[in-house]
Amino acid sequence: MVMGIGFGILLSAKGYNALWAFIMSVSIYSGTAQYLFINFISDKASLSTVALTSIITGARYLFYGVSMIDLYKKFKNKFKRLYMILALTDETYALMSVSTYLNGKEREEYCTYIAWLDHVYWIVGTVLGGILGAFIPFNTKGIDFSLTALFITICVDQWLDKANKFTNHLSALTGFASSLICLMIFGRKNFLIPSMAAIIIILFLLKDFINKNNIKESEI
Amino acid sequence: MSDKYFLLMILVCAASTFALRALPFIAFNKRTPEFIKYLGRTQPAAVMAMLVIYCLKDADILGGLHAMPEIISCLVVIVLHVWKRSALLSIIGGTACYMIIVQNFML
Numbered sequence: 493m494v495m496g497i498g499f500g501i502l503l504s505a506k507g508y509n510a511l512w513a514f515i516m517s518v519s520i521y522s523g524t525a526q527y528l529f530i531n532f533i534s535d536k537a538s539l540s541t542v543a544l545t546s547i548i549t550g551a552r553y554l555f556y557g558v559s560m561i562d563l564y565k566k567f568k569n570k571f572k573r574l575y576m577i578l579a580l581t582d583e584t585y586a587l588m589s590v591s592t593y594l595n596g597k598e599r600e601e602y603c604t605y606i607a608w609l610d611h612v613y614w615i616v617g618t619v620l621g622g623i624l625g626a627f628i629p630f631n632t633k634g635i636d637f638s639l640t641a642l643f644i645t646i647c648v649d650q651w652l653d654k655a656n657k658f659t660n661h662l663s664a665l666t667g668f669a670s671s672l673i674c675l676m677i678f679g680r681k682n683f684l685i686p687s688m689a690a691i692i693i694i695l696f697l698l699k700d701f702i703n704k705n706n707i708k709e710s711e712i
Numbered sequence: 077m078s079d080k081y082f083l084l085m086i087l088v089c090a091a092s093t094f095a096l097r098a099l100p101f102i103a104f105n106k107r108t109p110e111f112i113k114y115l116g117r118t119q120p121a122a123v124m125a126m127l128v129i130y131c132l133k134d135a136d137i138l139g140g141l142h143a144m145p146e147i148i149s150c151l152v153v154i155v156l157h158v159w160k161r162s163a164l165l166s167i168i169g170g171t172a173c174y175m176i177i178v179q180n181f182m183l
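Residue numbers (this note's numbering), protein chains in the order written: chain A, 493 to 712; chain B, 77 to 183.
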């Protein structure tokens, strides 16, 4: 909810009101993608950058989907299944995957409620932020930094995570290095797509190395 | 930017996100490729690091202030977050710090 309000305020600082926040929250319904969108606005990003960045940063949804295949088979209604796929966000996924103590029909109902309640909270939060944003009496210059701060906190969480320490550290360093180098080579406007390509290539090359160390790590 | 282009951007973003969420149900109904699983474990940390750089790409290292507002505020976020581990506190603290600096010390 707080994240939603923050998004609405940022969007209105860019000159797009609560109606736009509503449209985005209904259709995109992804915190990371929507926050990134704020930057796309200032950069006047091309459609291919929007698409590729949404795909790379949202790649985790692939894995949420994979682990939900069996559960979703129980949703016989086609539209309900489609909606549940749209609603597969970080929070909803987390709540649904810990609901294994429920069985059959109960779990289905629980998951459906979780999905649309989460969606409603997100929509209400962002719209509220959009409305509040129009009335903010103080200078909002520099408020964009909240996006940077958000990503830094996630980085710190990943870095301090006790599980998969080796993999996370190596991966984070790969990300930092490839994007810094690509920024220097390709410049501010065009470095995002080459960076993503570089990350995937480097991770591919490191595959055996990382897998070997992962086994060692899990033995400890 | 025209509203039409803005709407188009939203559509592209929504379609890409939905495609990602739907793909496993269409493609990997039986088995997930090893490399996809591997990327799922390893890629998130790299992508977050990349997004931090993306957010900081406009910092002016060669300018008069040598990106000091960004550097100081990032340090505030990191220190707050390592110390308290509260995302909300770290984000608000860092953003407030940045806003105070750019509004008062930069013309």
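I should point out that these hints are in silico values taken from the structure, not numbers from a laboratory. Here the structure is a predicted model, which is why all the values come from computation and not from measurement. Each hint should be verified, as a subset may be incorrect.
List of simulated lysine-lysine pairs, DSS-like, C-alpha gap at most 30 Å [as the list claims (entries may be wrong)]:
no., chain 1, residue 1, chain 2, residue 2
1, A, K536, A, K568
2, B, K80, A, K654
3, A, K565, A, K633
4, B, K133, A, K633
5, A, K506, B, K113
6, A, K536, A, K566
7, A, K633, A, K536
8, B, K160, A, K654
9, A, K681, A, K536
10, A, K565, B, K133
11, A, K654, A, K506
12, A, K568, B, K133
13, A, K657, B, K80
14, A, K572, B, K113
15, A, K570, A, K536
16, B, K80, A, K681
17, A, K699, B, K113
18, B, K80, A, K536
19, A, K565, B, K80
20, A, K699, A, K654
21, B, K160, A, K704
22, A, K699, A, K657
23, A, K657, B, K160
24, A, K597, A, K565
25, B, K80, B, K160
Covered by chain A, per the in silico footprint, the following chain B stretches (three or more residues, Cβ under 8 Å) [what the hints assert, rightly or not]:
no., stretch
26, 87-94
27, 136-144
28, 148-158
Positions of the beta carbon are idealized from the N, C-alpha and C atoms, including for glycine.
Sort out which numbered hints this structure fails and list those numbers smallest first. 1, 2, 3, 5, 6, 10, 11, 12, 13, 15, 19, 21, 25, 27
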